[in-house]
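J.: Dock chains W and V against the given chain P, drawing on the hints supplied.
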Amino acid sequence: MSSFESFHPLVTFFFFASVIVLGVCFLNPLFSAVGLLGAALMHLRTRGKEGLRLLGGMAIAFVVLSLLNPLFNPAGDTVLFTYGPNRPFTLQSLVFGMVTAAMFVTVILWFSSFNAIMTGEKITYLFGRMAPSLSLTLTMVLRLVPTYRRKLRSIMDARAGIGKSGATGPLTSRVRNGGALLSLLATWAFESALVTADSMRSRGFGLAGRTCFAAYRFTLRDGVLLAIEMLLTALCAVALMTGATAVEYFPVISLGCPTVLFWLALLSYVSLVLIPTFIDCWEHILWRFSLSRI
Amino acid sequence: MPSMTNGEKGPDSIRQQEEWRQAPDRKRRGSSLGLSRSRRWAMGIAVVAASIVTIAVGAQLGGRSYYLVSVLLVIYAIAPFFIAFELRRPQAREVVVLAVMCALAVVSRVAFIWIPHFKPMAAIVMLAAIALGARSGFLVGAVSALASGLIFGLGPWTPWQMLAFGAGGGLMGLLADVGVVPRSKLSPKMLVAVSTGGFLLVVLLVGPILDTCTLFTMMGTITPTAAAAVYLAGLPVNLIHGTATLATLLLAGNPLLGKLARVQMKYGLLRP
Amino acid sequence: MALFSIENLTFSYPGAAKPALKDLSLDIPAGSYVVLCGRSGCGKTTLLRHLKSVLTPHGSTDGRVLFDGRPLGEVGAREQAARIGFVLQNPDAQIVTDKVWHELAFGLENLGCDPETMRLRVAEMASYFGIQHWFHRDVAQLSGGQKQLLNLAAVMAMQPDVLVLDEPTAQLDPIAASDFLATVLKINRELGTTVFIAEHRLEEVFPHADVVALMEEGAIAIAGSPREVGERLQESHDPMVAALPAPLRIWGAVERRLVEGWPGDPSGVGLSDESLGGGLSGESLDAASASAGPVGVGPLGDGRLSTAPLTVRGGRTWLGDWCRGRQLPVRAIPEMAGETGAMRPAAAEMGQSNAAGVIRPVAAKANHPAAVEMKEVWFRYGRELPDVLRGVTLSVPEGQFRVLLGGNGTGKSTVLRVLTGALKPYRGSVSLFGSKLKNWRDDELFRGCVAMLPQDPLSLFVTDSLKDDLAEMLSGAKLGPEQRCERIEEVAQLCEVTGLLDDHPFDLSGGEQQRAALAKVLLTEPRLLLLDEPTKGIDAVFKAQLAELLRRLTDNGVTILMVSHDVEFCARYADEASLLFDGAVVSSNPPRRFFSQNSFYTTAANRMSRGFFENAITDQDVISLCLQ
Numbered sequence: 001m002s003s004f005e006s007f008h009p010l011v012t013f014f015f016f017a018s019v020i021v022l023g024v025c026f027l028n029p030l031f032s033a034v035g036l037l038g039a040a041l042m043h044l045r046t047r048g049k050e051g052l053r054l055l056g057g058m059a060i061a062f063v064v065l066s067l068l069n070p071l072f073n074p075a076g077d078t079v080l081f082t083y084g085p086n087r088p089f090t091l092q093s094l095v096f097g098m099v100t101a102a103m104f105v106t107v108i109l110w111f112s113s114f115n116a117i118m119t120g121e122k123i124t125y126l127f128g129r130m131a132p133s134l135s136l137t138l139t140m141v142l143r144l145v146p147t148y149r150r151k152l153r154s155i156m157d158a159r160a161g162i163g164k165s166g167a168t169g170p171l172t173s174r175v176r177n178g179g180a181l182l183s184l185l186a187t188w189a190f191e192s193a194l195v196t197a198d199s200m201r202s203r204g205f206g207l208a209g210r211t212c213f214a215a216y217r218f219t220l221r222d223g224v225l226l227a228i229e230m231l232l233t234a235l236c237a238v239a240l241m242t243g244a245t246a247v248e249y250f251p252v253i254s255l256g257c258p259t260v261l262f263w264l265a266l267l268s269y270v271s272l273v274l275i276p277t278f279i280d281c282w283e284h285i286l287w288r289f290s291l292s293r294i
Numbered sequence: 001m002p003s004m005t006n007g008e009k010g011p012d013s014i015r016q017q018e019e020w021r022q023a024p025d026r027k028r029r030g031s032s033l034g035l036s037r038s039r040r041w042a043m044g045i046a047v048v049a050a051s052i053v054t055i056a057v058g059a060q061l062g063g064r065s066y067y068l069v070s071v072l073l074v075i076y077a078i079a080p081f082f083i084a085f086e087l088r089r090p091q092a093r094e095v096v097v098l099a100v101m102c103a104l105a106v107v108s109r110v111a112f113i114w115i116p117h118f119k120p121m122a123a124i125v126m127l128a129a130i131a132l133g134a135r136s137g138f139l140v141g142a143v144s145a146l147a148s149g150l151i152f153g154l155g156p157w158t159p160w161q162m163l164a165f166g167a168g169g170g171l172m173g174l175l176a177d178v179g180v181v182p183r184s185k186l187s188p189k190m191l192v193a194v195s196t197g198g199f200l201l202v203v204l205l206v207g208p209i210l211d212t213c214t215l216f217t218m219m220g221t222i223t224p225t226a227a228a229a230v231y232l233a234g235l236p237v238n239l240i241h242g243t244a245t246l247a248t249l250l251l252a253g254n255p256l257l258g259k260l261a262r263v264q265m266k267y268g269l270l271r272p
Numbered sequence: 001m002a003l004f005s006i007e008n009l010t011f012s013y014p015g016a017a018k019p020a021l022k023d024l025s026l027d028i029p030a031g032s033y034v035v036l037c038g039r040s041g042c043g044k045t046t047l048l049r050h051l052k053s054v055l056t057p058h059g060s061t062d063g064r065v066l067f068d069g070r071p072l073g074e075v076g077a078r079e080q081a082a083r084i085g086f087v088l089q090n091p092d093a094q095i096v097t098d099k100v101w102h103e104l105a106f107g108l109e110n111l112g113c114d115p116e117t118m119r120l121r122v123a124e125m126a127s128y129f130g131i132q133h134w135f136h137r138d139v140a141q142l143s144g145g146q147k148q149l150l151n152l153a154a155v156m157a158m159q160p161d162v163l164v165l166d167e168p169t170a171q172l173d174p175i176a177a178s179d180f181l182a183t184v185l186k187i188n189r190e191l192g193t194t195v196f197i198a199e200h201r202l203e204e205v206f207p208h209a210d211v212v213a214l215m216e217e218g219a220i221a222i223a224g225s226p227r228e229v230g231e232r233l234q235e236s237h238d239p240m241v242a243a244l245p246a247p248l249r250i251w252g253a254v255e256r257r258l259v260e261g262w263p264g265d266p267s268g269v270g271l272s273d274e275s276l277g278g279g280l281s282g283e284s285l286d287a288a289s290a291s292a293g294p295v296g297v298g299p300l301g302d303g304r305l306s307t308a309p310l311t312v313r314g315g316r317t318w319l320g321d322w323c324r325g326r327q328l329p330v331r332a333i334p335e336m337a338g339e340t341g342a343m344r345p346a347a348a349e350m351g352q353s354n355a356a357g358v359i360r361p362v363a364a365k366a367n368h369p370a371a372v373e374m375k376e377v378w379f380r381y382g383r384e385l386p387d388v389l390r391g392v393t394l395s396v397p398e399g400q401f402r403v404l405l406g407g408n409g410t411g412k413s414t415v416l417r418v419l420t421g422a423l424k425p426y427r428g429s430v431s432l433f434g435s436k437l438k439n440w441r442d443d444e445l446f447r448g449c450v451a452m453l454p455q456d457p458l459s460l461f462v463t464d465s466l467k468d469d470l471a472e473m474l475s476g477a478k479l480g481p482e483q484r485c486e487r488i489e490e491v492a493q494l495c496e497v498t499g500l501l502d503d504h505p506f507d508l509s510g511g512e513q514q515r516a517a518l519a520k521v522l523l524t525e526p527r528l529l530l531l532d533e534p535t536k537g538i539d540a541v542f543k544a545q546l547a548e549l550l551r552r553l554t555d556n557g558v559t560i561l562m563v564s565h566d567v568e569f570c571a572r573y574a575d576e577a578s579l580l581f582d583g584a585v586v587s588s589n590p591p592r593r594f595f596s597q598n599s600f601y602t603t604a605a606n607r608m609s610r611g612f613f614e615n616a617i618t619d620q621d622v623i624s625l626c627l628q
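Protein chains in written order, with the numbering used here: chain P, 1 to 294; chain W, 1 to 272; chain V, 1 to 628.
Be aware that one or more of the hints could be misleading.
[Said to hold, decoys possible] Think about it this way: if two alpha-carbon atoms lie no more than 35 Å apart in a straight line, the pair counts; the simulated DSBU-like pairs of lysine-lysine are:
no., chain 1, residue 1, chain 2, residue 2
1, V, 478, W, 185
2, V, 412, V, 424
3, V, 424, W, 189
4, V, 186, W, 119
5, V, 412, W, 185
6, W, 119, P, 49
7, V, 424, P, 49
8, V, 186, V, 22
9, V, 18, V, 186
10, W, 189, V, 22
Hint data in this document are derived by calculation from the structure and do not stem from the laboratory. Since this is a predicted model, take the numbers as computed values, not measurements.
Bound-form chain P, shown alone:
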């Protein structure tokens, strides 16, 4: 549980949106590396030890995707080797492949942290004002899925108790058993849905002027953090739009001459991806400090 989690959903959502979008926009290897490291750090912080599995898988994906690019893209001057009927495998294409693979891995890792921190509850809350009906539908689906899953389990148990378990037997009979389960679940679901609809209307659903319960409060510290996030994102975006971070890959790699804006953007990006870590460390120090005073 990181203390970053305790911020208003808007703040955390903006953070993830920002780092994911910037992560796929920067083509500069330096920025890619920063994004990748930031995402991996956050992923490990939120997922702990079990996060290592995904990280391992992503390492393999990184290698495969990097090697794949030169096979489809023979551009670039530095030929490492040729294969097949005289097809080149170039260094430039390999580096470009590594950058795009890093991009993919970065996005996946950010999403992993996103899923840990942005629960369905927070997402439906965020969109509750913008899209109340859709948000309510999603809320209901999130409520029904575990209910149905449990019902399905109990149906399966009930059928196992009379020797109609679908675990064994030929494929066709297993498929047929699945169909029967689905059909029973549907009957049951529709019957209870009518009760749900009654319960909603009985409690005034459909009256004009529906409001939303504010489960989260937007406080000063949320405002401050959101402002910082926006500032850092804006700096990166300006650098991106003006081409300060642009890189040439083909025919030869040229990083161009780093300008002030480039360094500023890099600093901003580093700060941005490390925000959750900063916050955790800050709270940690604060906690130590206040403890020592007690």
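T.: Okay, now just chains W and V, sitting in the frame of chain P:
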């Protein structure tokens, strides 16, 4: 007493609700999104304009921006359906039916837990579409994909899945809306036809959209060979997915549609 | 002034031959606690749904409903939503959202409540109902009782003037049901909220009701104070007598000598739902002092009757006076070692022979291997999870009707699932009919050996008609079409569902569903039948029918192992009862010894007669000892 400032209508609102219970919305039936003509035009223009701006900015950025542009375009394609749903201010039963169908679609995999790689979600979405029509079919598909993302984890693929399943549902629903497919009690021949249709929709539409996502997210450079490789690699997966859809439609098609019809009859539940 | 006035209400469903409500009139005074009772299918739900416009069914209506002096149709939707609170039967299906806090806020959101007020109301409700500890939970993690409490709290958050509850405890276990009804009572007493409740658990609501209304075929048959209704019911020999609180039934039978309908009538006594808690302290004082008042111990004829007791406590006061007034030669019912079945020895002793009184020669099968033999069985659901079964040892002889009692989470259902082989214990041995469970092949096991009736009978029905569902059971069997029909006919007759074969299983009533599910299970011709709480949510009359059916099965040599919370049912019908606690069987005895040993976990009749009589566990026992 709670604040009763806004919109106290008294008996009128009750009568309106009663009317709604007794007769389906006649006004809405003609329009494709349940919206007035002017709103539809406004929405269409907004979507086209947004797409053009996005593509222009993407072209300006160059490099790998198509990654982002493609996702944005997908979102633009989905958005009108959601906006229309919001503007319609759906009633309790419509929301409930939608939620139930989505939850069934998400959970359906569990019923086939003993069969590896059997994904019946597309089939459930299509059945919902046949019973409820194209726009609800699209919503069921898109919301199911989103919900399953919220439960099993969101990712860059989520918008693509929403579009893929939404489109599958929408097209199947269109067939029912124009009267090619009846809403329930499919004859054996029709059932086979619908199931085959479902198979083709998955193999030719839903699967390829998902593969396009793979192409955009994973491939460094997009070339015709890279595209061909991705779509070819996806084909076996799509064929299995299609077969599962076919089997589910054959097996659960009539029972599920029959149950929806039964509930509609027993409780006067209306088609959203 | 009456909050609700129902005036000459007549209602017919579209296409129905008979009206569901017939010229029905009833007043519900503001602040009162009104109980609506009646057999299932008498129109209770239809009546309740007429008290809120959005829930009113379609059909032709005559007469009117006044709310607060105005016809209901003229009360705005917003006002109705806020002022008339409705709690329905199904705890699960009523919940709309995925989080507890959101569910509490849902009604207020709809009313357009401002955020500050909403926050306060939700906080208030969470504290009042004691749900602040699970405020942030997913609703999927709640128990049935918690869910229903949440539904109540969510309705109360809108601060209604009246609470309408439609059999809110039908799907709860006895302890959760008691808690729920206690909360409803607290709301009525502390907040003055009017309560109108349809309920079949009369033991718990009778002592506190201001008015009890008994419905019969769409009309109010009797309405009045609980004592009045109780007395008039007993005079009329209505089958609903079975649902009255045990002290009231015993009092009625003894004081009024309304005995003729009692002992022989299988649909009569001892079937009401279990009440573990008795009354709430403050309220039962009323009842107790009332019944302790003019105790006219004189026999019938001198015109003086004692006041009817409504609670166990009131019943004890009355019974004490009754015993003091006369010399009763026999104060105990013999245990009759070796002979089983609680009610049967008593009946035999009193010389009232009847179908249920025949003592079957269970002991004759002694040299057969036991139907179930569990030795030191240990089980847990996962490596990291705690043990659920901690050395269960259980032996059930062939042909016995054994019940397994115990609180929630003691592993009762797990025992059943171990016996079907669905769960594999990690230690200990399980044998069925003399051979180890693991040596049974699946097809042998479920064809003619074991079958289990799940808690929710609807989990078994996969098709749209009962006939198809029964046919599904025979799909693998090597039978000709005629033989199949014959088998289905036969089992349908046994379970009394012949007339329902073409119906949709979901359209049947609770009791019918239970029998239909039993028919489906019996098609596997089990020698061992496992039942998981079959009396849940079933009314007293259906329970008696179920008991008779089970008796027929054991007479044919079927062994029955039933898991239950229903103490009254077990005391009356079981051959032997076992108590499961903390994952192990702590005692196994014939019901008479089993229940007279316990002082909390026992029948109302036993709690009422403790100290006056020995070994009296059913109404019948107490009545026969009183009237000897």
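J.: Go through the numbered hints given earlier and state which of them the structure violates, listing their numbers in rising order.
T.: Violated hints: 3, 4, 5, 9 and 10; rest satisfied.
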